[in-house]
Amino acid sequence: MTDHRDLVAALRRAGVSGVDDSALARAMYSSDASLYRVPPRVVVTPREAGELPAALAVCREFGVPLTMRGGGTSIAGNAVGPGVVADVSRHLNRVLEVDPEAGTALVEPGIVQARLHEIAGAHGLRFGPDPSTRTRATLGGMIGNNACGSRALGYGRTSDNVLGLDVVTGSGERLRIGDVPGGAGTGALESPLLERLRTLTGDHLALIRTEFGRFGRQVSAYSLEHLLPERRFDVARALVGSEGTLALTLAARLRMVREPEHRLLVVLGYGSMAEAADAVPALLPHGPVACEGLDSRITGVVAERRGPGAVPELPAGSGWLLVELAGPDAGGLRDTAARVVADSDCTGSMLVDDMALADALWRIREDGSGLVARTPDGDQAHAGWEDAAVPPERLGVYLREFEALLGEHGLTGVPYGHFGDGCVHVRIDFPFGRAGGARVFRDFLHDAAALAARHGGTMSGEHGDGRARGELLPHMYSGEALALCADVKDLFVPDGVLNPGIIVRPAPVDADLRAARVPRATRRELPALGLAYRDDRGDLSRAVHRCTGIGKCRADNTGAGGVMCPSYVATREEKDSTRGRARVLQEVVSGKLGPDGWRSEALHEVLDLCLSCKGCASDCPTGIDMASYKAEALHQRYRRRIRPRAHYALGWLPRWTRMAARAPATIRPANAAMRSRALRPLVAWAAGIDRRRSLPEFAPTTFRRRFSSHASPEGRHGDVVLFVDTFTDAFSPDVGEATVRVLEHAGYRVTVTERPVCCGITWISTGQLDGARAQVRRTVRELLPHVRRGAKVVGMEPSCTGVLRSDAEELLGGVDAAAAREVAAATRTLAELLAETDGWTPPDLSGVSGVAQPHCHHHAVMGWRADAALLRGAGADVRGVGGCCGLAGNFGVEKGHHDVSVAVAEHRLLPAVRAAADGDVVLADGFSCRTQLDFLADRPGEHLAQLLARHLRE
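Start counting the sequence shown at 16; every next residue gets the next number (the numbering used here).
By construction, these hints were calculated from the structure, which means they are not laboratory data.
Being a predicted model, the structure only gives us computed values, none of them experimental.
All C-beta atoms in this analysis are idealised placements derived from N, C-alpha and C, irrespective of residue type, glycine included.
Do not rely on the hints blindly, as some may be mistaken.
[Said to hold, decoys possible] Quick list of simulated restraints, FRET-style, between CB atoms:
#: 1; residue 1: Ala789; residue 2: Pro275; range: 44 to 52 Å
#: 2; residue 1: Ala371; residue 2: Pro343; range: 38 to 46 Å
#: 3; residue 1: Arg229; residue 2: Glu921; range: 48 to 56 Å
#: 4; residue 1: Gly494; residue 2: Ala199; range: 34 to 42 Å
#: 5; residue 1: Pro196; residue 2: Arg656; range: 40 to 48 Å
#: 6; residue 1: Thr362; residue 2: Glu769; range: 54 to 62 Å
#: 7; residue 1: Pro323; residue 2: Leu204; range: 55 to 63 Å
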């Protein structure tokens with residue numbers, strides 16, 4: 016085998032950018048969104064398209080495979096390889112040209128579809144096919160897989176919308192085919208390769224006409240039907256769907272479509288998914304743009320994880336069709352919708368012309384693959400057979416037989432998908448964790464392939480064959496047809512270096528299965544495990560393997576109010592995405608990074624810029640909680656060892672504030688020292704913080720001291736116990752006083768615990784889980800008597816409220832964990848409690864406008880819906896800002912994090928604040944959010960309690 020150091024040197028000499036053979040890179044790129052783990056030898060991130068032919072030349076010289084990768088969202092294992100992996104998403108991501116008159120765009124392969132839509136949208140254009148991963152899927156990947164998506168029913172597949180390609184074949188030949196700069200039709204191109212291809216296909220016309228291109232979603236193998244004379248020997252379209260096995264895409268000309276003036280969504284209810292599928296053929300003559308199937312088990316997961324309000328009201332049934340109509344005439348669409356309903360044989364229907372409601376339904380459908388990644392019993396559900404398609408008229412029968420086949424193999428799955436095209440997605444609980452699980456997987460795949468073939472179907476309807484389905488192609492193609500595909504491959508890639516093992520001479524479907532070799536990581540194997548991982552049966556390995564690689568963390572979700580993933584949005588580096596971190600953690604728990612992977616440089620580097628925002632806990636469809644995993648990783652790395660100085664200075668902050676509270680005379684000199692320019696370098700060094708940052712000043716008097724002289728009157732609604740967190744007590748006592756005033760106005764008697772309490776969040780975020788456990792245990796025991804007397808616990812600081820609602824139980828065991836559950840059930844945010852309070856009317860906030868920065872933990876754990884509803888009901892016009900403030904507790908203060916902290920704030924928060932009028936409010940319940948605003952915007956943030964208290968009538 017070639018020494019990888021020689022390969023690395025050769026790639027660098029050839030001028031290829033971003034050559035990386037580190038353990039970190041190899042771990043992150045060892046998987047895509049599939050079941051497979053194939054560590055590459057080297058990862059490259061080319062900056063110019065011309066570097067791809069150079070990388071190919073080196074790979075051919077060394078006999079090393081070359082695999083192209085875009086967003087890494089390939090579900091079939093199309094984007095992993097054992098040689099060089101070229102990530103084009105990092106730099107080759109430009110829109111080179113948009114021609115509004117012609118309705119076309121010229122793009123590089125790494126452009127994300129959603130970004131293309133942003134640019135082309137200025138001209139009223141979009142790319143028609145829209146896979147659910149469009150917010151992170153690249154056009155190069157879509158071309159590789161012949162991606163379709165929900166609206167392919169109206170706009171066609173990717174192959175139907177490619178007008179030209181600039182490629183380099185596996186033999187090194189540059190082909191500019193069709194409408195690309197320097198391009199020409201294949202008849203005008205002087206290419207010996209194309210002449211041989213024309214001869215080869217000309218010898219097999221009858222075979223191609225009978226076996227290829229039989230129906231719209233036949234994506235498996237090569238699309239040789241485009242090479243027929245009646246299709247004008249369209250090589251560009253034939254290359255679409257070849258999964259990087261024939262050529263490397265350098266640029267593509269795309270047909271764009273006009274955004275329709277009107278859309279109307281028709282939701283149809285049925286007793287089952289199979290009954291919904293039966294109805295599809297009758298609906299297609301009405302010309303829907305999309306016709307999607309959605310199962311009640313998916314909506315059930317959404318309701319369980321995000322609350323019942325996250326699922327809009329739907330017609331009665333267990334299965335639904337989402338039928339989208341589009342056109343220039345709104346009245347005409349309503350007439351068509353009436354005909355759709357009349358022909359649907361549904362049990363109930365609804366018309367949705369509210370785009371916000373329609374978007375909420377589409378988000379549930381598009382998050383399907385992540386939402387069904389766990390069964391109701393908590394078992395992992397996997398890809399592998401998630402993309403079969405049959406002619407739509409066969410879909411209902413196929414689904415019934417498919418469900419029966421699952422039962423015969425003792426498996427379960429939740430089907431959904433593009434029913435208008437006959438394409439079914441499903442995640443299945445293959446038993447990889449037990450002996451013989453891989454054999455069950457293999458046997459089921461072959462039986463399922465035979466079933467799809469009997470119905471005239473295809474192994475893949477849009478995801479490609481990859482490693483998951485290449486071996487299954489004999490079920491739907493003759494030996495002669497597959498031999499022809501192999502001949503085509505050998506013409507384009509005589510030495511086989513482009514993505515070997517895919518389509519032609521495929522790897523076995525059960526080779527390199529990541530899930531088949533996952534060891535447990537419970538307290539039996541890892542006695543010092545810091546958290547309980549109750550939702551993962553006590554197994555950290557199961558927790559980090561929640562990540563299926565679908566890559567929603569690589570999308571900018573902040574425009575829709577999301578948070579995940581602020582570090583990736585700031586850096587655009589895979590290592591700073593939730594997925595990149597999960598992949599490295601998977602390597603650690605699997606022992607792939609050595610006997611003590613917890614101390615590996617790869618793990619340290621990948622977690623360093625994690626803000627512990629918890630955004631992924633709510634925004635990732637699979638329920639990844641990277642904040643908890645980072646805390647665990649720091650716990651394992653530093654347990655009983657010397658820690659970074661910031662862990663003591665910031666992690667022990669509650670200790671320092673209590674010391675100051677007991678000695679009030681020290682507060683003024685302490686504040687003076689933190690303000691002193693002369694002392695700042697020393698303070699920064701001692702605390703492990705960035706010199707550009709200043710630490711917040713102590714309030715002259717703590718909230719608890721102020722409250723000690725306050726007698727709260729009896730309330731008609733009984734008692735609440737105020738959770739007096741460190742930040743409110745020591746730095747923002749005005750927030751506490753405002754909260755007391757609002758609660759008393761609402762009819763509550765306000766109490767506090769006899770002794771100071773702490774949720775332990777600073778210990779958690781610095782991975783000091785033993786210390787956090789001690790803090791939380793004391794706090795739960797202090798709060799429990801109040802709760803058992805019927806009091807609600809009201810949190811003021813969102814991060815601390817979030818600990819009481821979620822993390823406390825994870826830190827504790829036995830009776831203490833049970834007590835933590837009681838406390839969690841009684842804990843409310845201020846807005847939540849006020850929403851539950853009978854007869855309370857908020858003060859009139861008419862005329863109040865501004866922006867709000869929901870704290871990340873507020874968004875992730877409690878949700879901000881109650882706050883938004885309260886403000887709206889009071890008459891305020893306050894817009895919630897997506898994303899993170901960037902300070903995130905200790906993160907933005909620590910040395911080495913300042914620039915990323917500022918970049919995160921600059922993404923959404925600071926532009927929103929700058930755009931706000933002088934008299935607008937800036938709501939920020941989180942102390943860190945208000946601190947960041949003071950530091951970067953020189954504008955104070957206000958807690959919800961303060962806003963309400965200011966407008967209360969005496």
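Right, here's what the structure says about each hint:
1. The supplied range of 44 to 52 Å is broken by Ala789 and Pro275, whose beta-carbon atoms lie about 60 Å from each other.
2. Remark: the range hint 38 to 46 Å for Ala371 to Pro343 is contradicted by a beta-carbon distance near 22 Å.
3. In this structure, Arg229 and Glu921 meet the distance hint of 48 to 56 Å, their C-beta atoms being roughly 52 Å apart.
4. A hinted range of 34 to 42 Å for the beta carbons of Gly494 and Ala199 is consistent with their spacing of about 36 Å.
5. The given range of 40 to 48 Å is broken by Pro196 and Arg656, whose C-beta atoms sit roughly 58 Å from each other.
6. Between Thr362 and Glu769 the beta carbon distance is about 58 Å. The supplied range of 54 to 62 Å therefore holds.
7. Taking the beta carbon of each, Pro323 and Leu204 are about 59 Å apart, inside 55 to 63 Å as hinted.
In summary, the structure is inconsistent with hints 1, 2 and 5 from the numbered list given earlier, while agreeing with the others.
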